[in-house]
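K.L.:
Could you build all of it, start to finish, from the sequences and the hints given here?
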Amino acid sequence: MKMTGAEIFVKALEDLGVDIVFGYPGGAVLNIYDALFQNTKVRHLLVRHEQGGVHMADGYARASGKTGVCLVTSGPGATNTVTGIATAYMDSIPIVVFTGQVPTLMIGNDAFQEADIVGITRPCTKHNYLIKQTNDMARIIKEAFYIASTGRPGPVLVDIPKDVLTGTAEYHLPKEVKLRGYHPTYEGHQKQVENAIRMLLEKERPVLYTGGGVILSGASSLLKEFAHILGIPVTTTLMGLGGFPGTDPLSLGMLGMHGTYRANMAISHSDVILGVGARFDDRVTGKIDEFAPGAKIIHVDIDPTSIQKNVPVDIPIVGDLKDVLKKMIKLVKGTKEAANYRKTIAPWRDQIEKWKSTHPLAYKQGKGRIKPQFVVEQIYAITKGDAIITTEVGQNQMFAAQYYLFDRPRTFLSSGGLGTMGYGLPAAIGAQVAMPDKLVVDIAGDGSIQMNIQELATAVQYRLPVKVVILNNGSLGMVRQWQELFFQGKLSHTCLPQVPDFVRLAEAYGAAGFRATKSAEVPEVLRKGFAAPGPAVIDIVTDPNEMVYPMVPAGAPLTKMLLV
Amino acid sequence: MRHTISVLVENEFGVLSRVAGLFSGRGFNIESLTVAETLDPTVSRMTIVTSGNDQIVEQILKQLNKLVSVIKVVNLTGTETVDRELVLIKVNAEAETKPEVLRLVDIFRAKIVDVAPRCYTIEMTGDEEKINALVQLLKPIGIREVVRTGRVAIARGM
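The listed protein sequences correspond, in order, to chains A and B.
Under this note's numbering, the first residue of the first sequence is numbered 266, with each subsequent residue one higher.
Under this note's numbering, the first residue of the second sequence is numbered 263, with each subsequent residue one higher.
These aren't lab readings, by the way, just hints derived from the structure by calculation.
Worth double-checking, as some hints may not be accurate.
What the hints assert, rightly or not - Here are some of the chain B residues that sit facing chain A, going by a computed Cβ distance under 10 Å: (1) E272; (2) S279; (3) I292.
To be verified - Some chain B residues well away from chain A (every beta-carbon gap over 12 Å; in silico): (4) M263; (5) H265; (6) E299; (7) L301; (8) D316; (9) L350; (10) L366; (11) R380; (12) M420.
If you're wondering where the values come from, they're calculated on a predicted model, not measured in any experiment.
Glycine residues also receive a C-beta, built at the ideal position from the N, C-alpha and C atoms.
P.N.:
The following block contains the structure:
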């Protein structure tokens with residue numbers, strides 16, 4: 266039986282098990298919206314801006330591990346998704362974005378609401394498609410989900426011209442995907458794994474350096490097991506938070522520009538680094554020539570391009586972390602060597618303990634203004650570390666990363682690679698859709714929150730009880746911090762004297778609003794906000810002069826940290 | 263160091279821009295690039311000449327492999343290959359210079375493929391050095407235009 270392209274689209278999503286689409290309608294996708302009308306299998310959530318829609322799909326994917334889906338119209342609808350797509354690309358998040366397109370015959374004619382979105386998004390998608398005939402629709406949708414979710418995950422965009430939606434074809438969703446140019450490597454090379462373990466056991470100052478790949482691969486429990494068999498300290502990147510328990514005695518916390526003193530000292534003084542699912546990016550390494558000068562590097566990643574990109578690697582292993590860690594565990598579990606090794610490196614762990622006790626993360630909450638660190642610690646205490654935390658970008662993000670200890674994967678959702686302000690609120694909404702029973706908190710700043718605040722309306726409409734805690738310092742805190750430290754305190758355009766009254770703004774959207782201006786009020790106000798039945802905005806007026814420490818200035822080696 | 267990379271790609275729209283975009287987006291060099299269909303009409307071959315240190319070339323090969331539309335990547339550098347380039351040269355041919363042009367065409371086993379009252383168009387294939395040599399020798403006579411295809415290469419034997 267022949268079906269229209271729009272019907273095939275909806276049927277394919279149903280058959281692929283898509284339960285939610287974050288979307289915004291428009292002329293080019295009217296036929297899809299008609300086919301979606303009153304569909305009970307595929308829910309549709311009407312967002313307020315396409316960028317928000319992509320971040321929601323992204324937050325949904327990060328919280329659930331499933332592929333997020335976004336649907337928008339052509340032209341401006343499509344171009345509005347670009348920041349969201351680039352965000353997902355940098356953090357390897359599996360999403361599929363469907364864009365409407367003008368009819369095939371009008372493509373290239375500068376038609377109304379036409380944009381070459383396939384051309385625009387080529388550098389920021391894992392792959393993208395323009396569907397040319399209705400006949401290809403089901404196959405391409407199947408391929409898009411397959412590419413997005415396998416190997417190193419990432420966003421895939423599918424552009425669908427209007428006539429392809431109105432045309433007809435037989436529905437046939439292929440069972441398997443055959444792509445001759447796409448074969449991710451899942452199995453790590455056994456010999457290389459053996460070489461890696463041999464190198465590791467010869468050394469005395471090892472560090473496990475772990476990234477977002479641990480979470481994407483679902484390798485958290487294997488990582489924990491492996492680290493404990495050999496007693497190796499573990500540091501995580503921003504993206505890796507939650508991949509190894511923050512409260513574990515072996516945890517060094519985050520490393521890099523705003524990493525802990527012990528993590529940065531440990532990595533800099535190590536003699537071997539086992540990197541798993543992390544990519545040695547500049548915020549982690551500091552000055553690249555002086556990064557871990559005495560260390561041999563073993564690097565495990567599913568994406569060969571990540572290896573040897575920024576630092577020379579002694580033993581590269583391409584493969585899925587789950588497979589490689591299983592192989593590593595098999596080689597050392599229950600062995601005498603492992604027991605000896607734990608003893609051998611005990612002095613190294615003692616050294617790290619010393620670094621920890623001499624330079625812990627620290628701030629002073631006196632009687633004066635509220636410190637943002639205090640707020641994050643209170644959120645941690647009240648939620649018992651069990652919330653899903655999203656962040657915006659800047660100081661709010663770094664304070665959240667430093668002071669909330671993440672014990673489980675998929676509980677810290679933040680734009681790490683691209684650093685997208687405006688990510689946190691829509692990502693929280695997406696996460697809440699995926700995890701309806703969890704408390705989802707967006708730790709925001711007064712600058713970032715204004716970049717996608719319109720999504721409060723989405724949260725209210727669908728009764729998604731996300732909580733937005735604004736660390737309101739009346740400025741663009743992180744940029745201001747750089748100006749204070751490196752631009753002689755000239756605060757060029759980083760003060761926000763005209764910030765809306767967030768309590769009244771929340772109420773105007775139909776959400777609840779709360780405010781704290783004194784530190785004593787913070788726990789109570791947070792509790793009230795979290796207990797409110799629907800979405801809530803909790804505006805906390807914080808000390809504008811507070812800075813994020815430690816800090817490694819850009820281009821400096823990791824050991825040259827500015828401390829409090 | 264210069265490298266010649268042979269890339270098999272899906273013969274579909276947009277592939278060239280994916281490959282070219284990869285080079286420009288990551289700051290890699292393209293010295294020359296040729297594309298044409300292979301025996302299998304669903305597959306095209308690109309021959310790319312690029313340059314960079316070992317680490318950059320390793321990245322180029324890996325990044326090319328990562329593209330979903332790329333089927334196979336071979337670095338021909340360091341293997342036994344035959345490589346050729348085709349050039350068309352439009353050169354002045356006045357009464358007094360014609361014999362010299364004809365002599366050079368003969369020596370280089372080139373061909374004259376178009377004759378106009380005051381100029382010849384020469385066609386020649388060869389490796390890069392041979393083409394450069396001919397161009398250098400013709401320069402004093404007055405070259406009006408040079409069109410080169412860029413290098414194509416194939417592994418020897420097997």
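K.L.:
Are there hints from earlier that the structure breaks, and if so, what are their numbers?
P.N.:
Hints 3 and 8 are the ones this structure does not satisfy, whereas the remaining hints hold.
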